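From just these sequences and the hints, can you work out the full model?
Number of protein chains: 2
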Amino acid sequence: MHAASPHDARRCDAALTHAFVVLGKRWNGMILSVLSGGEASFSDLRRALDGISDSMLSERLSELAANGLVTRTVAAGPPVSVRYDLTDGGHALEPALDQIRDWASVHLTRPA
Amino acid sequence: MHAASPHDARRCDAALTHAFVVLGKRWNGMILSVLSGGEASFSDLRRALDGISDSMLSERLSELAANGLVTRTVAAGPPVSVRYDLTDGGHALEPALDQIRDWASVHLTRPA
Numbered sequence: 001m002h003a004a005s006p007h008d009a010r011r012c013d014a015a016l017t018h019a020f021v022v023l024g025k026r027w028n029g030m031i032l033s034v035l036s037g038g039e040a041s042f043s044d045l046r047r048a049l050d051g052i053s054d055s056m057l058s059e060r061l062s063e064l065a066a067n068g069l070v071t072r073t074v075a076a077g078p079p080v081s082v083r084y085d086l087t088d089g090g091h092a093l094e095p096a097l098d099q100i101r102d103w104a105s106v107h108l109t110r111p112a
Numbered sequence: 001m002h003a004a005s006p007h008d009a010r011r012c013d014a015a016l017t018h019a020f021v022v023l024g025k026r027w028n029g030m031i032l033s034v035l036s037g038g039e040a041s042f043s044d045l046r047r048a049l050d051g052i053s054d055s056m057l058s059e060r061l062s063e064l065a066a067n068g069l070v071t072r073t074v075a076a077g078p079p080v081s082v083r084y085d086l087t088d089g090g091h092a093l094e095p096a097l098d099q100i101r102d103w104a105s106v107h108l109t110r111p112a
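Quick note, the sequences are listed as chains A and U, same order.
Residue 80 in this note's numbering sits at position 80 of the first sequence, with consecutive numbering throughout.
Residue 86 in this note's numbering sits at position 86 of the second sequence, with consecutive numbering throughout.
Just so you know, these hints were derived from the structure itself, not from any lab.
Keep in mind the model is a prediction, meaning the values are calculated, not measured.
One or more of the hints may lead you astray.
Claimed, not checked - Taking beta-carbon pairs under 10 angstroms as the criterion, some of the chain A residues facing chain U (in silico):
no., residue
1, Asp13
2, Ala15
3, His18
4, Leu23
5, Gly24
6, Asn67
7, Leu93
8, Leu97
9, His107
What the hints assert, rightly or not - Distance ranges between label pairs, derived from CB positions:
no., chain 1, residue 1, chain 2, residue 2, range
10, A, Pro95, U, Gly51, 24 to 34 angstroms
11, A, Asp50, U, Ala66, 19 to 29 angstroms
12, U, Arg72, A, Val106, 21 to 31 angstroms
13, U, Asp88, A, Ser36, 26 to 36 angstroms
14, U, Arg72, A, Gly38, 37 to 47 angstroms
15, U, Glu59, A, Thr71, 47 to 57 angstroms
16, U, Ser58, A, Pro78, 49 to 59 angstroms
17, A, Val80, U, Asp85, 52 to 62 angstroms
18, U, Asp88, A, Gly77, 51 to 61 angstroms
Said to hold, decoys possible - Coverage of chain U stretches by chain A, computed from C-beta distances (three or more under 8 angstroms per stretch; other residues unrestricted):
no., segment
19, 23-36
20, 64-76
21, 96-105
Glycine included, each C-beta is placed from N, C-alpha and C at the ideal position.
The following block contains the structure:
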């Protein structure tokens, strides 16, 4: 009933694999979701992401920036102000995040 | 320009947080994506997920089953055959996975 390797065609789905290199890391999806509400400071993000450490948040923001999804803007002070925001590419993920949120609220009712 | 905690309202977005407890773990999104093409054996999945270890795949499949997204069916043999498939809840994620794939192919062109 099944060919030997029915899933081989999909092993090269590079786009989805790449997406989950980014989204399949703890916090990244939530950081993008928080920023979809508008730019935020480091402290805003830390407050919104309950339980994240400063070093982890800093590392994740750098990765998201390296992937072209988040910008970091330093405004001259005093006081110096650093704001994080989504790029166009980051904003483009919002419909998918909405869909994931709707899916989870219907289909992920059990505690993980 | 900003209230003290502009993102507090979203810290309790339990549905999205819960979604990323599941999807924000390496391999889970890809496992669901491979199974969206139809049921598969353990070896089919291992072949499709380049680089996953047996113990990791086994652990992930158990977690996805505990979250109600994957079924494990044992057919009496010989040879005994174990097949993995998506539940309705797992299938319901497919439109979001398609959207993530499209987003990644446009906006995630750089190597991670």
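Against the structure, the hints:
no. : hint                                     : in the structure
1   : Asp13                                    : 7 angstroms, holds
2   : Ala15                                    : 4 angstroms, holds
3   : His18                                    : 5 angstroms, holds
4   : Leu23                                    : 7 angstroms, holds
5   : Gly24                                    : 5 angstroms, holds
6   : Asn67                                    : 6 angstroms, holds
7   : Leu93                                    : 5 angstroms, holds
8   : Leu97                                    : 7 angstroms, holds
9   : His107                                   : 4 angstroms, holds
10  : Pro95/A <-> Gly51/U: 24 to 34 angstroms  : 30 angstroms, holds
11  : Asp50/A <-> Ala66/U: 19 to 29 angstroms  : 23 angstroms, holds
12  : Arg72/U <-> Val106/A: 21 to 31 angstroms : 23 angstroms, holds
13  : Asp88/U <-> Ser36/A: 26 to 36 angstroms  : 28 angstroms, holds
14  : Arg72/U <-> Gly38/A: 37 to 47 angstroms  : 43 angstroms, holds
15  : Glu59/U <-> Thr71/A: 47 to 57 angstroms  : 37 angstroms, violated
16  : Ser58/U <-> Pro78/A: 49 to 59 angstroms  : 56 angstroms, holds
17  : Val80/A <-> Asp85/U: 52 to 62 angstroms  : 54 angstroms, holds
18  : Asp88/U <-> Gly77/A: 51 to 61 angstroms  : 54 angstroms, holds
19  : 23-36                                    : holds (count 10)
20  : 64-76                                    : holds (count 4)
21  : 96-105                                   : holds (count 9)
Figure legend: structure checked against the earlier numbered hints; the only hint not met is number 15.
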